[in-house]
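Quick mapping for you: the protein sequence lines, in order, are chains A and B. Counting in this note's numbering, the first sequence runs from 115 upward without gaps. Counting in this note's numbering, the second sequence runs from 1146 upward without gaps.
Note that these hints are calculated values from the structure, not bench results. Please note: incorrect hints may appear among the correct ones.
[What the hints assert, rightly or not] Quick list of the computed label-pair ranges, beta carbon to beta carbon:
hint, chain 1, residue 1, chain 2, residue 2, range
1, B, Asn1286, A, Asp368, 29 to 39 angstroms
2, A, Met406, B, Gly1295, 46 to 56 angstroms
3, A, Ala116, B, Arg1154, 35 to 45 angstroms
4, A, Lys194, B, Gly1295, 23 to 33 angstroms
5, B, Asn1286, A, Arg425, 29 to 39 angstroms
6, A, Leu211, B, Asp1264, 27 to 37 angstroms
Glycine is no exception: its CB is placed at the ideal position from the N, C-alpha and C atoms.
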Amino acid sequence: MAMTITEKILARAAGKDKVRAGDLIDANIDIVMCHDVTTPPAISMLKEKGIDKVFDPEKIVVTPDHFQPAKDIKSAELHKRLDTWAKEKKIKHYYKLGRAGVCHALLPEQGHIRPGEVIVGGDSHTCTYGAFGAFSTGIGSTDLAAAIATGQLWFKVPESIKFVLNGKLGKGVYSKDVILAVIARISTDGAIYKAMEFVGETLADMSMEARMTITNMAIEAGGKNGIIGFDDVTKAYLDEHLTDKKDYTVFESDADAEYESVEEFDCSKIEPMVALPHLPSGGVAIGECQGMEMDQAYIGSCTNGRIEDLRIAANIIKGKEVAIRTLIIPATPVIWKQAKDEGLFDIFYDAGCVISAPTCGACLGGFMGILAAGEKCVSTTNRNFVGRMGSPKSEVYLASPATAAASAVEGKLTDCRKYI
Amino acid sequence: MPKAHVYKRDHVNTDEIIPARYLNTDNEAELATHCMEDLDVDFVKKTQAGDIIVAGEDFGCGSSREHAVWAIRGAKVQTVIAKTFARIFYRNSIDCGFYLIELPDVFEKIKDGDELEIDYKKGLIKNLTSGNDISFNPLPNFALEIIADGGLLNHISKK
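Can you build the whole structure from these sequences, using the hints too?
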């Protein structure tokens, strides 16, 4: 029976030869990702139920990121609960402040993501790891508690939608623009409960960092997981980053696998995109919104806080002064150091940007760049819901690092192509 | 009698249900005081124990924060009736033992302020205001089993 890559991975995880969309399975989990917002409640639930065990302290990866460094007393308490538990359970991969980073940038960078595996995390953007040909999905605290205790979770095998990305990206167009164009076409629930499988020649030219931006936003179309097959680019990244366990199994979709639908994109026609408030599906070409005045630019997050993103932004900002508050948030300590060593911090400093420690920060309206009523922010993040980055009367415009950087320079939504 | 609070909106998201500025706690009673705050600042004030939230498609989209379910449950809302639910919110609700009702033509059948009586076993909503009976498809069996056990952790402890 022909299967998709998602079906094959879930079949393996369930110990079955085959599964098909709609099957209910109990899957073995390879990696559980834990952060500071959703894990402390999971720990409390386990304590309350008298469930003391951790299925495997080597397969749980812990990193505080949302409110780290602790932004207030209450978040310090969350961190304390996480810290006490991680030490007590002897969690092998526990990233403390100084080594902690935005989870979805940190886990691949530190070699915790392998093709063919099943990864769950207490965060909706856990779908990011699908860029490595893994099945990866976000869960809430109760599922997290169950996964931590048993190493298993129930899943309904999703139907798959195939997204065929063809054509070479134009100047100033990046993977962020591609995923914003995809979501603009299919809507924020266009892939609800579904696997979003991305294929096509456009991907071949993309780095792993760029691919992760695409799978990161699968949830913004309602997807259960986003997934991209393995190739030489994947292999090169893994060769560099895997440390602990270096073996993995590569799965690929059968040529005659069943898809619920197929969506084709000529990516050569995509222009720099901006998702207008208040849905990630509000994407329009920059030409339709340029000139709109902004109050802040935010360059960071699990979507676009990687070194490649910071380089793209720095190239545009270099030698200029930013016209609005501009925050640069390297997603992990390694990225932070890389950016420093490459001289990007000097470029950002000279332009009048502020550079922060790795954190999810203001992406979710936590801290470090909160918006006041009436303010507008061009942001490289993934959500622009009402109140997402602060006041319910503020507005978030989602864009690529290039568009955010160009807009920071001019203080208004700007076509980045004039600076490239 | 339980009342419907109708939000004629699709994509009511987790940031509206419980804004992230309150995620520095997981205390259900505290979360409940901010339930639906960025969508309807008066929600908590006007809601009584047993009331029902009614909305359109993709309710609960966005973050995986189970805090959204806890805020709603903590506000003593008995259920949410929506055209469709976002996946993680739907799953979190089942995991918490919190029942959800999917109803495609919900806005035709339930108006804001309608008094409702719900028989979960029969899959029947009595709209006492309009006098109509509305049937709905109960949750799938595996979900009912989890809810009957009082949530996923009780369910797996039993196994």
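Practice task
Go ahead and decide if the range 35 to 45 angstroms is satisfied by the Cβ distance of alanine 116(A) to arginine 1154(B).
Solution key: 40 angstroms, holds
Practice task
Take the C-beta atom of asparagine 1286(B) and the C-beta atom of arginine 425(A), compute their distance, and say whether it sits inside 29 to 39 angstroms.
Solution key: Violated, since asparagine 1286(B) and arginine 425(A) (Cβ atoms, about 52 angstroms apart) do not stay within the stated range.
Practice task
Kindly confirm whether 29 to 39 angstroms is satisfied by the beta carbon distance between asparagine 1286(B) and aspartate 368(A).
Solution key: The hinted range 29 to 39 angstroms holds for asparagine 1286(B) and aspartate 368(A), with Cβ atoms some 31 angstroms apart.
Exercise for the section: Could you see if the CB distance from lysine 194(A) to glycine 1295(B) stays within 23 to 33 angstroms? Expected result: 29 angstroms, holds
Handout entry: methionine 406(A) paired with glycine 1295(B), Cβ distance criterion 46 to 56 angstroms
Key = Holds, since methionine 406(A) and glycine 1295(B) (Cβ atoms, about 50 angstroms apart) stay within the stated range.
Handout entry: Beta-carbon spacing of leucine 211(A) to aspartate 1264(B) - inside the hinted bounds 27 to 37 angstroms or not
Key = 52 angstroms, violated
Checked against the numbered hints given earlier, this structure breaks hints 5 and 6; the rest are met.
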